[in-house]
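Model the full structure from these sequences, guided by the hints.
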Amino acid sequence: DTEVTQTPKHLVMGMTNKKSLKCEQHMGHRAMYWYKQKAKKPPELMFVYSYEKLSINESVPSRFSPECPNSSLLNLHLHALQPEDSALYLCASRPNPGVRETQYFGPGTRLLVL
Amino acid sequence: GESVGLHLPTLSVQEGDNSIINCAYSNSASDYFIWYKQESGKGPQFIIDIRSNMDKRQGQRVTVLLNKTVKHLSLQIAATQPGDSAVYFCAEESGTSYGKLTFGQGTILTVHP
Numbered sequence: 673d674t675e676v677t678q679t680p681k682h683l684v685m686g687m688t689n690k691k692s693l694k695c696e697q698h699m700g701h702r703a704m705y706w707y708k709q710k711a712k713k714p715p716e717l718m719f720v721y722s723y724e725k726l727s728i729n730e731s732v733p734s735r736f737s738p739e740c741p742n743s744s745l746l747n748l749h750l751h752a753l754q755p756e757d758s759a760l761y762l763c764a765s766r767p768n769p770g771v772r773e774t775q776y777f778g779p780g781t782r783l784l785v786l
Numbered sequence: 026g027e028s029v030g031l032h033l034p035t036l037s038v039q040e041g042d043n044s045i046i047n048c049a050y051s052n053s054a055s056d057y058f059i060w061y062k063q064e065s066g067k068g069p070q071f072i073i074d075i076r077s078n079m080d081k082r083q084g085q086r087v088t089v090l091l092n093k094t095v096k097h098l099s100l101q102i103a104a105t106q107p108g109d110s111a112v113y114f115c116a117e118e119s120g121t122s123y124g125k126l127t128f129g130q131g132t133i134l135t136v137h138p
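Line order of the protein sequences matches chains X and B. Once you know that position 39 of the first sequence is 711 in the working numbering, the rest is easy, because the numbers rise by one and skip nothing. Once you know that position 75 of the second sequence is 100 in the working numbering, the rest is easy, because the numbers rise by one and skip nothing.
Quick caveat, the hints were computed from the structure, so don't treat them as lab data. Warning: the hint list may mix true and false statements.
[Said to hold, decoys possible] Below 30 Å or equal to it, Euclidean Cα-Cα: the simulated DSS-like pairs (lysine-lysine) are:
hint : chain 1 : residue 1 : chain 2 : residue 2
1    : B       : K93       : X       : K712
2    : X       : K713      : B       : K81
3    : B       : K96       : X       : K708
4    : X       : K690      : X       : K725
5    : B       : K67       : X       : K712
6    : B       : K93       : X       : K708
7    : B       : K81       : B       : K96
8    : B       : K125      : B       : K96
9    : X       : K681      : X       : K694
Please read these numbers as outputs of a predicted model, since none were measured by experiment.
So this is what it looks like as structure tokens:
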């Protein structure tokens, strides 16, 4: 298995809803990432997990709550989002947190907040 | 602040031509660079990478050149095909922060048959 999977592919939620995005990889990668990508813009890093521990939080609002239950799974819990949070949310992974090598991206979850 | 940017936002070529996409970066501590291709509705796909101890690296139909003196990175695609049409991003990782990729603004490459 050489891919990063993300579910759901699309999500529509109201500002009072609570939802979660899921990311999974079975490549044995020990670093996992969440990015946010607005239309016609580059991905922007949100969170980095190294060995299942949060190592970087790019000053993301608390309405986004990441979770790494195990080395294969990464969740992003969403609560009380704003319409401006509508974007493509990308998950990525790479084998070794401390080694410079490429990150492998999933297809993303397209989120619309109404 | 520090950033990675692109000189040209769009590039239009004919099938069979060679394409060159450029990227400027400002963080002198950057020591690892990646080119990604992103097709509509998909996540970024790895194309090629280069470390700062190299000036050039070649892959299948692609070459990345790194000029550290002027902080410039380029991606050359040989014999461009319609399937190469996508947005291309350069990304860099600095020596002080593992895992923190900073992306350039992207270039839209359109290949005409």
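The hints, checked one at a time:
| no. | hint | in the structure |
| --- | --- | --- |
| 1 | B:K93 x X:K712 | holds (28 Å) |
| 2 | X:K713 x B:K81 | holds (27 Å) |
| 3 | B:K96 x X:K708 | holds (26 Å) |
| 4 | X:K690 x X:K725 | holds (23 Å) |
| 5 | B:K67 x X:K712 | holds (13 Å) |
| 6 | B:K93 x X:K708 | holds (29 Å) |
| 7 | B:K81 x B:K96 | holds (14 Å) |
| 8 | B:K125 x B:K96 | holds (19 Å) |
| 9 | X:K681 x X:K694 | holds (10 Å) |
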